[in-house]
Structures are given as C-alpha cells and as structure tokens.
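A.B. asks: Using this note's numbering, you'd call the opening residue of the sequence shown number 14 and step up by one each time.
Rather than coming from a laboratory, the hints here were simulated on the basis of the structure.
Mixed in with the good hints, there may be bad ones.
Computed spacing ranges between beta-carbons, pair by pair [what the hints assert, rightly or not]:
1. GLU246 x TYR55: 48 to 56 Å
2. ILE304 x GLU274: 15 to 23 Å
3. ILE18 x ALA712: 16 to 24 Å
4. GLN244 x THR596: 48 to 56 Å
All C-beta atoms, glycine included, are put in the ideal place defined by N, C-alpha and C.
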Amino acid sequence: MIQAIHTSVEGRARYKVNELYRSPSLKKYLERSLSKEAGITYVYANPLTSNILVNFNRDKSYKQIGSLIEKILSHYHKQSGKSQIEKLVTSKKSFDKIIANTEEQKILNWHLMTANSVIDTFKTSKESGLCSESAAENLSKYGPNILAQAATRSDLSILIDQFKSLPVALLGIAAGISLLTGGIIDAVVIIGVVGLNAAIGYATESQSEKIIHSLRSQEQTSTWVIRDGKQIEIPTENVVLGDILFLKPGSYVAADARLIEADNLSIDESALTGESIPVTKITGSLIGEDIPLGDRLNMIYKGTLVTGGQGLAAVISTGQFTEMGKIQQMVGEATAIQTPLARQLDEVGSQLVLISMGICGLVFAMGVLRGYGLVQMLKSSISLAVAAVPEGLPTIATTTLALGIRDMRKNNVLIRSLSAVEALGSVQTICMDKTGTLTENKMSVVEIYADIRHIKISDGEFIAGQENFNPYTCEELLKLIHVLVLCNESEVSLQGDGEYIVTGSATENALIYMAISAGVNVIELREKYSILQSNLRSENRNIMSTIHQTHDNHQLVAVKGNPAEVVQICQKWMRNGQLVTLTEEDRQAIAIENDRMAGKALRVLGAAYSYINETKNGNNYESDLIWLGLVGMADPIRKDAKELIGDFHQAGIDTVMITGDQSPTAYAIAKELELNRDPQLEILDSTNLNNLTPEALIALSNKVNVFARISPSNKLQIVQALQAAGKVVAMTGDGINDAPALKAAQVGVAMGQSGTDVAREVADIVLEDDRLETMMIAVSRGRTIYNNIRKSVHFLLATNLSEIMVMTTATAVGIGEPLNAIQLLWLNLVTDIFPGLSLAMEAPEPEVLSQPPRNPDEPIIKNSDFGRIAFESATLSVSTLAAYGYAILRYGISPQASTVAFMSLTSGQLLHTISCRSEKHSIFSKEKLLKNPYLNAAIIGSFAIQILAISIPSLRSLLKISPLNIADGAVITGSALLPLLVNEITKYYTFLEKDELPEIKPQINRDKLILSESAR
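Please build the complete structure, drawing on both the sequences and the hints.
C.D. replies: Written as structure tokens, this is what we have:
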C-alpha cells in the first residue's frame, strides 16, 4: 500500500511506501523500474524516510504514477519468492522490515508497544536476557554493532584536488602550447608555477586534516548486558538485537533500545536531539505515531549518556540501523556546495580562454595582412595568448587562502580546506545550533527566589538588585543552599589542589556548583549531616527527599522537586525572619513566581525542609514542611554570544537558531540574544515543519529566525531550503545531530572540545577552543581574503590587458613588436606573482565589517569593473607606446627601442600595484590604508630583479635587450609614473563623496587590529 503525500506541484509527486523503509534492494528496484517507464524524468527513493519522489510529464496524473508504483511493488514481491515476514527473519546484511503494513508499523514504532510485547518479539527476558546461541545467531545475521568510519581525505586526494581548477588547467594548456612551439623555457616556468601552487595547497590542507583527526575521542569499548541469566560485560560491537542492556550513570548507550525498567533514569540526549536538559525516562507505551525523537521517553539511543538512575532496555537496532547510523547515512547523501570563489575563478578562467583564442586569431590575422611571416606570427600570437593567462592567478589564490588558514590557526581555528576560508566571507545566513554552540551545554543556577527576594547568579556572583549579595547574610537563603546540597545525588570529592570534582547529572551538579560559589564547604556539610534514607523521584512523583542525622539526635528532612508538588506539602515558610503559616494567597504568589521563571526558559525546582524526632514509615515524613524558595537553572548562553549576534547583524548577516528544545525555551533564548534584526521574531517547530512542502519551506526560510524541536533530518532540510532560496549558508554545531547539515552547508563549523567526532569529521572549520566569537574574526578574514584576491585578479587582468593592447596596437599600426615572446613571459613572472601576492596580504579595509555580504552570484570581476580595468590598461598602454614611439624616433625599430618599451611597461605595471590596493581609497584620500610592508618589498625586489636583467650580460642576451642611457631612463620613469597619477586622481574624484565612511563599532576596530597583527 502506498500513500501520496505531496501532489500540489504539477508533474511532481511524493509517495509514502512503507515497504521501502530500510530496504536498499527495494530502493534500487523502484528507481530502476520507474526510470524505464515512458514519461518519468526523475526518481529518487529514500529508505530512511520511506518516501519516493517522482518527476513526470504533465500529461500524466499522480494517480497514474501511484498505480504504476503499486504494480512494480507487486511484481517485486512475486520475484522475491519469499513472504515479507520471511525477509525480516532471514535478512543477514540489513534490517529490511518488508512485512504487511500493519505489522510493519507495529515493529517499527517500538515506542508504541508495551515493554512485554518488545520482549516477546525478540524472545528474550529481563531476568535472563538472550542465550549465547541466540546472541551468536543475531550477530551473524545483522552484523557487528559498529558504525562505518567517516571517510577521510587521503593524501593523494588532497594532492589531486590542487589541480582541479580551470586556471590551473589553462596553465597546463599554455605549457603544452609553449612546448609545441619551441618555448621550452616558457613551459618549464609555467609548470614550475603550477607545481608551486599544488605544493602550497597540499601542505596547508594536509596539516589541517592531521590536526582535526588528532581531536578524535575514544569511544566506549565495552557494555554491560544480561545474557544466560548473568550480568556480563561484552565488547560494544558484539551487542545484538534482543540483548538486555544494563544502564548505570556515566555509561554511554551502546545501541537503540526500548526501556523495560527505569529507576529514576535520566539520559543526556543533547548530542542526538539538541535538548540540553537530561530527559527522565519511563517504561510505559506512548500514544500517537508522529512523536518526535526527543519525546520518545521510553526509548534510548546509541551514543547518548546515562546521567542518573538505572534501568534495563531491550536492543531494537544496532550499528548502521540506529538513529546515529541514519544520521551517518544522511551525511553520506548530503552533498557539499561549491564555494563562490571556486566557481568565480572558474568563470574567470573560461573568460580568459575566450579572450586568449580571440587575441591569438586577431594578432595572427593582422600580422599576416601586414606581411609578416606565417611562422613568426604564429609564435607571436601564441605567446601573446599565453601572456593573456595570468600565471600568478592560481598561486596567488592558493597562497592567500593558505596564509588565511595559518593566521586563523593562531586563533585556534582549524580550517580543513582552502575554499572554506573564502566562503566564510560570503556567508549571508548563519544557522546556529543552540546547545553547545550558543549555550555552554551545562546547567547552571541563574536565579533564586527566597525570603521574598530575587537573587541572580552570574559567574558565581550572587546579585540582589544592582549590588553583590553575601548568602551568609540571609539565613533562609543559606538553608536553601544547604538543603539542595544534601538532597542531591551527585558525588563530590576534593583534589589535592583544592578543586572540587563533581560527578552526576547536569541538574544535580549545577546545585553543587552554586553552593561552592556561595562559599559552602560541601564535603564538610555532608559529613555533618550524614544521610540516613533517600526517596528518589519516580514516574508519578516529581519530588526527591532525603533524611539526615543531626548533631542533636534529630533528623533533617530535605526536599526538592517540582515546585507545584513541593509547595502543596508545605504548611509554613519564613517571612521577614518569622516562621508563619503558608496561606493560599502565599501559594498563589509562589506559583506566579514559578511561572515567571519558567517563562524565561528556566528549569525551576522548589525546596523545603523539616525536623522530625524519628524516621517515619513510608512518605509520611514528607508533610508539614517549611517552604524555602525557588531555584531557576538554565543552560547558560556563552559569554559574548549576544554581542556576537549584534556584530553579525551589523555585518549584514542573518542569524538563525536551530534547536531540539521546546518552542518556549527556544523563543526565550532567541529573545535574550536579540536574534532577529526586526522587532518581530518568527518561530517554527518541527510539527509545522513536517507538514510543509519543499516549496513552502523555501519561501518561509527567509522569514523564520528560530526552528524548535528539530530533528537531524529537519536541520538538513532547513539548510538546503536556505540554499535553494539563494543564500550562502554557514552551519555551526557540535552534536551528531548536526553532522548532515554541517556537511551540506557551504561552511560547516564544529566545536573542537565539546564537539563529537562525527561533527568534526564533516565540518570545514573546527573551533579548537569552542570560542564562538572567533567566528567574527573568521568572517572578517574571509571577506578580506576575497577582497584581496579580487584586487589581485583586477591587477593581473589590468596589467595583462595592457600587454595585449601594446602588442595589438603596434602590430595594427605596423611599428614592429615592442616585446618578444620571452620578454612577455619575463614580464608576467616579474610583475604578476610577487606584486599580486603582496596585494593578497593587504590588511582589512576600514569598512570590511560594516557592509553586507556580497551577492554570491556576482562574478569576482563585475561588469562595472571592466570599464575601470580597460581605463587603467589604456593608461599603461598609451604611456608605454609613447615611450616606444620616442625610442623608435631615436633608434628606429631595434632592440634598443624594444628595451625602452619593455622597461616602461614593466615599471608601470609594478607601480600600478599601489593603485590596486583599494577600489575606493586613493593615495590622495583622507582615509589612509594601513601600511603593507610586503607590497613595498615586492615592488623594490621586482625593480631590483629588472635592474639585474639589464645589468647582467647573459640575461640581456636571453631577453634580447640593450643597455640604456640617462635620457632613456628619464623617459621610462615618466612613462611609469604617469599612469599611476592619472589612475589615482580619477579614482579620488570618482569616490570623493564615498570617502565619508560609516562609523565603525569598537568591536570591529578591535577585530581589524587582531587581523592586522596576524597578517604581519
């Protein structure tokens, strides 16, 4: 049976095929069979979601396609020769549950079944577990409980990637042409440039890979299970379906399992679901099929952590068929998007191919018409076409990105690939996982309400009103803290250096750390009030109480739990230092405070106590209590996170929060962070998200700022929807659940310390110290790198075009060849690589973070730039031709005249580097750019090489140039300076009104200084 779930778009439909779930063989059969049918243009079947997407001609209806799928399914079952139930039992390589629809739903939805039904399904029991024979049989059928290692880039693949760009391919073609035409030296130099480019890229990227791999953590290697009636420890990879897991605090869950016993069991599922607070588990069956992963309270999942209590669970999925395995499969299916720079450099390369072919043909034709020899013109035109390809372009781009990786590594930012540096600068939307990224993924007490007083806690400081508050000055507050330390499951010990070691759940630990911040000696307090009895929370009772021996032979009852339940068993409370009766009005006031704190996305606990003469039976001692107050806890937002969000907004970057938390919690945190630049904050949860068509999600993606209760597949959907809407997307995250989205985003950013191995392996960037604020520095660096590469490309095109103009004009006019083939190559080597590299090392311009991100579809050289490039090239060409004309008048068409043209054009191009430092800031502008010592060194060094070329006889002979006199030198100097002055004056008047730059925040100035220092 199939179900059409999306049919609103004509010619496209999505169907639910239950038998497809976890059946790779059916996936292949459906795709192969449907693709052969006339009128069907595209088929994609997903065995994880059971959905199949079909694109078809509009002369067909979705009902016809549905009937066709049913027919193919029927034929598939007949071909198999086995019933669906038999397939379930005999499958050895996969967990393909191809059975009748009702039976399939029963088996797949384990959370809907009773614990006894699950036990019966696997023929196991909670007392004896599986027998050894059954365990061995299941291990043979379904394979070991391991996940495939994430594919890593080999050294060979990293090396090959360095040659996968069109500019490098063009250089290879140019080298081949040079060899065919006898230009061996040209070919050797070009191949050397390509080799240098590959060496720089390989060295940088391979080092980043090694550092990221070194961050891998060690996984749990053994697991406690019940087998043959005994509790034994086995290798985690040997856990099989039907095994009974024994769960205890501190252990990782080895496989997906259905709980059959839970004694105050809590699980930290943040790595999988994004929910920051540990989840209290139950054993009862749930109602409703469409229950989000984070709400399946009777299920536990591989890779999550037991934080409290204990329990037993029957394994229902292992290895690749666990929820973690599904995520890993989604990671494999997600495709990384090509970054804007890679795409734009390829576009520039394509343009250069056309230009080179056109130049080659034009010059050849003009030369032949002028009567020059065919062979001579063929060599000259090919040399000029080769000169049109900037040899320095790949090296400049690669080296600039490599330097960016080096500088970011100093800031504990590890960047896996060169393209990721540049992509950061073009990011338009940053999707941020909440838990562990925006927040610290640990609970902390942030607010207390005691003795009619609101007390905030920040960085260990107690603050009442606007002033610091000493807890020892308030007896009721101190009693509250003492009760929360005593009524607590966390274990506390003291290191030799006086540091506390606290082991337990996040909530319990937060209470201990709050007491330590208040100055309480936790260990001494517990020794003074030794515990006699404890009564833990249960499914139907959200209160924990403990009884302690006091020094006067009395017992202290300490109680904490759900405020509504605790306050109902309290009869008195302290008010203004007096013990008074707790009235109904008082209870309502406490309820209002509880709601207020809960509305701020805090987890709120109530605390109470009493003294008794002797321990009473049952729960009778939990009566006639004295109310102490409320304690509010939260997963604290990372320091400077709010300021960082503001910096992103100032830089024109939209921020989106994606979290597994409930909508109220997500909304409160988003409000505190001021996540949206507009007053209206839009939020969407997974229930609504799952009901949206892909088209509707794309339309909404630009409007929604917060996505709540989100699953890993939802995160991937959101990132892909933003990309489909034309955005360049960065995704930050630390959990397993973030991995598919991290891979799909143009820039995936993972946490180095708190992040999981899966997240780090697929991310482009790893924040080694988990400091999210370095993202702003990275964005600034990325933008600067792109701008600098753009300056270099502008410089290379302008100077190379000037060579073309000079050669083409001279050929057309018939005044000989100002430059020969070897001079053209020398000119490109001297003026392209080192001056171009020096431009790539420019410090950030003042407005780099006060402007919006660039349009990713905008070419690296815009149409508006070509006019400016042509003008700059024309000034260089006219000045060079004027000097060449002077030399012809004085020496005739001779090597002496060619030398003057050669030196004039070379000097003019070197000085043109100064003009390319900024598009807007002229050397005459009020706003001065920071000094660039690399540019000064490149210009001086290149001039020195040029002087050596004219001074050393062997080089003069190779280049076919002649010595110069003082008059020639004066002409060359004037010819070189004139283009610089003309270009800078015109730039000054063009951007005169734009020189008044917007005010830059101090934060951005600070980032600029950091980057300027790192650049040096």
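A.B. asks: Against each hint, give a clear statement of whether it holds in the structure.
C.D. replies: Status of the hints after comparison with the structure:
Here the CB-CB span from GLU246 to TYR55 is close to 50 Å, well matched to the stated 48 to 56 Å. About 21 Å separates the C-beta atoms of ILE304 and GLU274, a value consistent with the hinted range of 15 to 23 Å. Taking 16 to 24 Å as the suggested C-beta distance range, the pair ILE18 and ALA712 conforms, at roughly 19 Å. For GLN244 and THR596, the hinted distance range of 48 to 56 Å is satisfied, since their beta carbons lie about 52 Å from each other.
The structure shown violates none of the earlier numbered hints.
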